[in-house]
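Q: Listed here are the chains, written in short residue letters.
Protein chains: 2
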Amino acid sequence: MQTIFFKNKPRIVATGTVAGPKECAGVVGKYVDKTLTDDMFGESTYEKAECKMLSYAISRAIENAGATEEDVDLLISGDLLNQIISASFAARDFDVPFLGVYGACSTLAEAFALAGALIDGGYAKRIVGATGSHFSSAERQYRYPLELGNTRPPQAQWTVTGAGGAFIADMGVSNSQIALTSATFGRVVDFGITDVNNMGAAMAPAAADTVLRHLRDTGRRAEDYDLILTGDLGALGSRIFKDLVWEKGVDLQKNHVDCGEIIYKVIEDEFQGGSGAGCSAVVFNSYVYDKLKKGELNRVLLAATGALLSTVSSGQGESIPCICHAVSIENV
Amino acid sequence: MQTIFFKNKPRIVATGTVAGPKECAGVVGKYVDKTLTDDMFGESTYEKAECKMLSYAISRAIENAGATEEDVDLLISGDLLNQIISASFAARDFDVPFLGVYGACSTLAEAFALAGALIDGGYAKRIVGATGSHFSSAERQYRYPLELGNTRPPQAQWTVTGAGGAFIADMGVSNSQIALTSATFGRVVDFGITDVNNMGAAMAPAAADTVLRHLRDTGRRAEDYDLILTGDLGALGSRIFKDLVWEKGVDLQKNHVDCGEIIYKVIEDEFQGGSGAGCSAVVFNSYVYDKLKKGELNRVLLAATGALLSTVSSGQGESIPCICHAVSIENV
Chain A
1 MQTIFFKNKP
11 RIVATGTVAG
21 PKECAGVVGK
31 YVDKTLTDDM
41 FGESTYEKAE
51 CKMLSYAISR
61 AIENAGATEE
71 DVDLLISGDL
81 LNQIISASFA
91 ARDFDVPFLG
101 VYGACSTLAE
111 AFALAGALID
121 GGYAKRIVGA
131 TGSHFSSAER
141 QYRYPLELGN
151 TRPPQAQWTV
161 TGAGGAFIAD
171 MGVSNSQIAL
181 TSATFGRVVD
191 FGITDVNNMG
201 AAMAPAAADT
211 VLRHLRDTGR
221 RAEDYDLILT
231 GDLGALGSRI
241 FKDLVWEKGV
251 DLQKNHVDCG
261 EIIYKVIEDE
271 FQGGSGAGCS
281 AVVFNSYVYD
291 KLKKGELNRV
301 LLAATGALLS
311 TVSSGQGESI
321 PCICHAVSIE
331 NV
Chain B
1 MQTIFFKNKP
11 RIVATGTVAG
21 PKECAGVVGK
31 YVDKTLTDDM
41 FGESTYEKAE
51 CKMLSYAISR
61 AIENAGATEE
71 DVDLLISGDL
81 LNQIISASFA
91 ARDFDVPFLG
101 VYGACSTLAE
111 AFALAGALID
121 GGYAKRIVGA
131 TGSHFSSAER
141 QYRYPLELGN
151 TRPPQAQWTV
161 TGAGGAFIAD
171 MGVSNSQIAL
181 TSATFGRVVD
191 FGITDVNNMG
201 AAMAPAAADT
211 VLRHLRDTGR
221 RAEDYDLILT
231 GDLGALGSRI
241 FKDLVWEKGV
251 DLQKNHVDCG
261 EIIYKVIEDE
271 FQGGSGAGCS
281 AVVFNSYVYD
291 KLKKGELNRV
301 LLAATGALLS
311 TVSSGQGESI
321 PCICHAVSIE
331 NV
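In order, the protein sequences belong to chains A and B. If you read the first sequence in our numbering, its first letter stands for residue 1, the second for the next number, and so on. If you read the second sequence in our numbering, its first letter stands for residue 1, the second for the next number, and so on.
Treat the hints as calculated values from the structure; they're not laboratory data. There could be a bad hint or two in this list.
Intra- or inter-copy, both count: the list cannot distinguish identical chains.
The calculated DSS-like cross-link candidates involving lysine-lysine, where the alpha carbons are at most 30 angstroms apart (straight line), are [said to hold, decoys possible]:
id, residue 1, residue 2
1, K9, K125
2, K34, K248
3, K294, K248
4, K125, K7
5, K30, K7
6, K30, K294
7, K7, K265
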């Protein structure tokens with residue numbers, strides 16, 4: 001049993017999101033709090049822009065909850081950059097205790113799961129969980145400097161420039177009906193993929209492992225969820241994920257959507273769709289949260305995956321270990 | 001109030017530690033489970049050696065607790081390497097849910113605090129919290145390749161080659177008398193230090209902030225603790241820390257010890273003493289845990305600090321934000 005249950009059903013009171021112009025040209029455009037006109041956000045470097053987006057998403061989630069910084073007991077955040085500098089430097093802007101986490105693109109689900117447990121257990125009343133990513137800082141850290149003009153292989157994804165977070169609170173302090181009800185912490189799964197451009201294939205087995213365990217632990221069927229939302233498997237990874245769970249007798253054809261698959265209008269450059277910690281952070285906290293609020297969705301399993309590689313591990317010939325954390329979010 | 005209290009007092013059942021030959025020449029030598037004869041641990045790269053040490057410490061903690069991998073509900077770990085690859089790749093060795101955290105050298109305390117809350121809240125019965133570091137992988141990631149033979153300035157510290165972890169369990173499943181009783185999550189504190197060789201000065205204000213808040217939140221005086229154990233402030237940082245709390249009316253002359261200050265026999269190379277996530281992981285889980293078991297210490301505040309910088313943040317002119325998480329560990 002690796003699923004934990006939240007008896008007191010902590011509430012998502014509000015969210016805050018910001019995304020770049022390319023991201024906002026798609027489905028999330030009309031739901032995000034702020035659309036950037038360029039990807040620098042007035043800063044001098046991509047990394048500083050990424051940090052500023054994360055800081056903005058945190059502030060905006062607090063503001064949208066009608067709260068102030070003093071109300072927040074804990075900030076849980078992480079990101080893709082070395083030593084999670086976006087999260088640490090964003091945390092410097094707030095006089096709030098900070099818990100740094102690392103789960104690559106699974107960070108949003110990891111932060112939500114921890115926030116759920118800490119609030120449900122009575123250790124905190126109000127927690128902000130947030131993450132983000134930036135296409136240009138990710139490219140130069142994980143792959144090549146953009147200036148080289150490298151071509152992208154067809155299995156590649158496009159790292160989302162954006163950030164999102166949620167203000168999560170004890171049921172006693174909010175009348176929001178959108179609650180965290182359970183969470184499944186994932187195991188590290190490594191299927192031996194070494195192609196760092198093929199993250200979808202690397203992460204799909206981790207997603208399948210966690211989603212299947214979640215269903216087994218909770219005694220639920222896939223169709224009990226209106227939506228099983230993976231983070232950034234992309235088009236190819238998403239198909240592999242559905243095949244893997246199908247082999248175990250679970251049919252996700254009707255209710256599975258991948259954030260990476262829907263965030264862009266798929267044109268030439270993005271190939272398999274979006275990726276990055278910001279992908280599920282933006283899609284869940286804008287578009288999906290809005291549908292939960294309106295009652296168009298009532299039960300969502302957010303299953304965000306992360307590829308736990310670094311340039312050093314790949315350079316030393318290692319394959320890509322992956323993880324998936326899942327959180328059940330429901331209208332109660 | 002940023003301190004959380006553990007009513008059910010989760011127990012540290014056992015620990016596991018491994019350290020390099022240089023580390024074992026000092027005070028921890030006779031307490032660690034395994035002393036390496038060289039710093040490669042039979043691996044081909046420093047990073048793989050670091051990962052193997054962490055994996056060893058986790059296995060050994062489980063074994064010393066008389067348990068097996070199947071008994072463990074969750075592994076909480078992180079390290080200093082980009083994308084915490086030591087922790088992620090070590091987690092791949094275990095079929096156990098994994099929670100990646102990042103707090104630089106404060107990781108041990110962060111992992112213990114989370115383990116305490118998740119067990120105390122009834123979400124898990126048995127958790128392993130562990131971390132480690134390696135001198136050579138840290139040098140080439142944060143500073144220069146060793147082959148360059150750069151000289152070290154006098155304010156520098158020496159990253160500990162070692163790893164340590166603890167098997168923490170619900171009081172109902174263990175008769176250990178060593179318990180986690182409370183934890184204080186730290187805020188990010190930045191005093192504007194930009195010298196990446198002067199981590200002690202950068203981290204001391206974070207340590208002072210968290211320790212003072214812990215004492216205020218718990219209503220305890222410094223002398224209520226037999227030992228207030230900081231992680232790796234080093235000799236200089238330790239003096240600054242004591243001065244900062246002294247200014248607030250707290251005298252730590254008699255009961256403060258810094259892991260970095262005691263791990264080495266101070267000879268020429270280490271200057272200010274040890275540092276790295278492995279520093280407090282090795283010193284606490286071997287030497288200090290042994291004294292707790294023997295009743296020579298009964299109440300210890302483990303206050304591990306982390307410097308949340310990266311080479312990119314420093315290269316872009318940023319100062320060093322720091323954090324300190326504290327956990328109270330007592331003979332009950």
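Q: Report the numbers of all earlier hints that the structure fails to satisfy, in ascending order.
A: 2, 3, 5 and 7
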